[in-house]
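Residue numbers (my numbering), protein chains in the order written: chain A, 773 to 1101; chain B, 26 to 347.
It should be emphasised that the hints constitute simulated quantities derived from the structure, not laboratory data.
Incorrect hints may appear among the rest.
[Said to hold, decoys possible] Lysine-lysine pairs mimicking DSS-like chemistry, simulated, CA-CA at most 25 Å apart:
{"no.": "1", "chain 1": "B", "residue 1": "Lys-209", "chain 2": "A", "residue 2": "Lys-991"}
{"no.": "2", "chain 1": "B", "residue 1": "Lys-214", "chain 2": "B", "residue 2": "Lys-157"}
{"no.": "3", "chain 1": "A", "residue 1": "Lys-837", "chain 2": "B", "residue 2": "Lys-214"}
{"no.": "4", "chain 1": "A", "residue 1": "Lys-991", "chain 2": "B", "residue 2": "Lys-339"}
{"no.": "5", "chain 1": "A", "residue 1": "Lys-1097", "chain 2": "A", "residue 2": "Lys-991"}
Each chain, written out:
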Amino acid sequence: MTPPSVNPPLSAEEPAENPQPPKRRPVKVESSWSIMDRIGLGLAWAAGVTLCVIAGAIVIYMAYKGLQYVNWEMITTAPEASLDQSASGGFLDPILGTLLLTVIGILIAIPVGVAVAVWLTEYGRPSGLARAVESGVEIVAGTPSIVLAIFGLLIFQQSFMGLFSFTAEGGAVFGRSFITAGVMMSLVALPMVIGATREALNTIPRHVREASYALGKDKATTIRRVLLPSARSGIATGATLGMGRIAGDTAIVVILLGASMTITPEEGPGGLLRGTGSTLTSYVYNNSPAGEGNAPEKAYAAAFVLLLIVIVLNALVGLIGRRNKPQWN
Amino acid sequence: MELKQDPQSTNGNRVTGEPGKAGGATVPPLRRIVIESETAPIHVSDAVLTPDAFQDPNAGVLIDQEAESVWVEQRMRTEALSIAYGGKVAVNEVSLEVNSGEVLALIGPSGCGKTTLLRSLNRLVELTPAAKRTGRIMLDGESVDDFDVTHLRSRVGMLFQQPNPFPMSIFDNVAYGLRERGSKRPRKKELEPIVVDALERAGLWDEVSNNLSHPALALSGGQQQRLCIARSLAVSPEVLLLDEPCSALDPISTAIIEETIVGLRSEVAIVIVTHNLQQASRVADRVAFMYLGDMVECGAAGQVFGAPAAERTKEYIGGGFG
């Protein structure tokens, strides 16, 4: 920081060197800041650094704890029901469950999300309906996933939803399966897909659309052949963010995927999708001191693997965002 | 130096417009004069007001010499065309002819309605919900409203201020207009001759012939704009609308585009909106000057720049406003 006393001699010297003094006054930067501005800057700086420290601490601590316990066998063996930690197996099924549930959720979220985003951006009439849809998306985005889970259970336990999960002999519908959890998980990812797709569509200049119309193309062709290909990287970014959210969600898994740690397919066609299972999040929950398993070492190991998956997904978001983005002037 | 008007031109050197009260400003009433081109050749040296920029005698003459070999035929016509956005009149009772075989330049200060007029010719102005149009626009004797809008736009192509190739290959960009026309998607082999021809006419073939599969957005700005010309030409339009096509380009690219435009006018009727008066003088056979929605003056380029009939045109060309 420059002390205020340095400036006057400088400006006093200048006329001597230069017969025509410059009209511009010497610029004081820091010294013109008020004390409140300085405190504000300091706090903002401190907040940023603190966040970095917290993020680093999480990764380092989980790596330290996880790497201590994680091993190849743990990743490649299925969980066993045992009170003895050494005999309770690994978490292969939860890893596969996480992947399967993420794929189901995002496969539902992408077409629905893209359709909603295209309608909102390119049509959006009547405007009242568009505002209602926007509010709907915001409400879904703001709903805690445990509420989505309970709501999903309410829906999928109805007898006409028996197709999607195990139906007991008396006709009671279980309501818990990969497909029912995947449907509710798609709602977790949906706002991400909609948001990123809308943003990508909005960055396409108007004249690009008009260029397509000016070649005699209608709106549907323009959307399909020009706008969606241009928005591809945005859609991929939203989808990847959504996958991260699905992989990290616990409430829907605990309530809608059943309590079994292993993947348990139902009989008949689509048995895997109608069956129950677990994910890394529910595995961590169950094996934490708060859960039934109480095998903290395995919980740490699984948490580390989950963190790795989410970090990789986030890195992919960055990569996709930088690549394949059409740039118009 | 004689500037001869092409005898085929039906629109000749004509000054239209009524005593204006544009934007509340009082402007001197316009004399309505008709100059028959054959009987009254215009001498640049006689021009009342000739800005330095237009004293290059080659500009107008070269084009007019060429024009004699070009068949001029009416393609589009507007009749008392008015367009308003909300309550604001952007184009006021404009009657104008667009002929094949010549380049028509629309000039005028910002906000004078020239781009709106241009965008109305392919009904692109309809995309603005607040825009309201009255008066008629005819294409080859038929009202543009009677056309299916997609059909109209394939006959009246358009180029924009910013080069805007689609995020696909060079080939696919040019073929874009040809594809998805009917239920049957034409094969690449069928499209190839048309694509090559369009790229040749747009003067881009030599530069891209080896990399048709490369992404179009990797081309330079000038090449992108010529690709956009090729993309428009591929659907064989009768009229090409250019909305300040060089405003985002460097002087060399601008010169190449201008050359392309002049070369194309024998096959396509060209309307160009430009802020650059020198550009208008370089490429245009006929110039229409607009001011606050009114068509103040429309005539041969040499006449409008050399001896503008209206006071407002003189002021604009002389740098009085704008």
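Results for each hint:
1. The hinted pair formed by Lys-209 of chain B and Lys-991 of chain A meets the criterion: a straight-line CA distance of about 19 Å does not exceed 25 Å.
2. Between Lys-214 of chain B and Lys-157 of chain B the CA atoms are separated by roughly 44 Å; this puts the pair beyond 25 Å, and the hint is violated.
3. A C-alpha spacing of about 62 Å is found between Lys-837 of chain A and Lys-214 of chain B, which places the hinted pair above 25 Å, so the restraint is violated.
4. For the given pair, Lys-991 of chain A sits about 43 Å from Lys-339 of chain B by alpha-carbon distance, which is inconsistent with the 25 Å threshold.
5. Simply put, Lys-1097 of chain A and Lys-991 of chain A have alpha-carbon atoms about 22 Å apart, close enough for the 25 Å limit, and the pair holds.
In this structure, the earlier hints numbered 2, 3 and 4 are contradicted, and the remaining ones agree with it.
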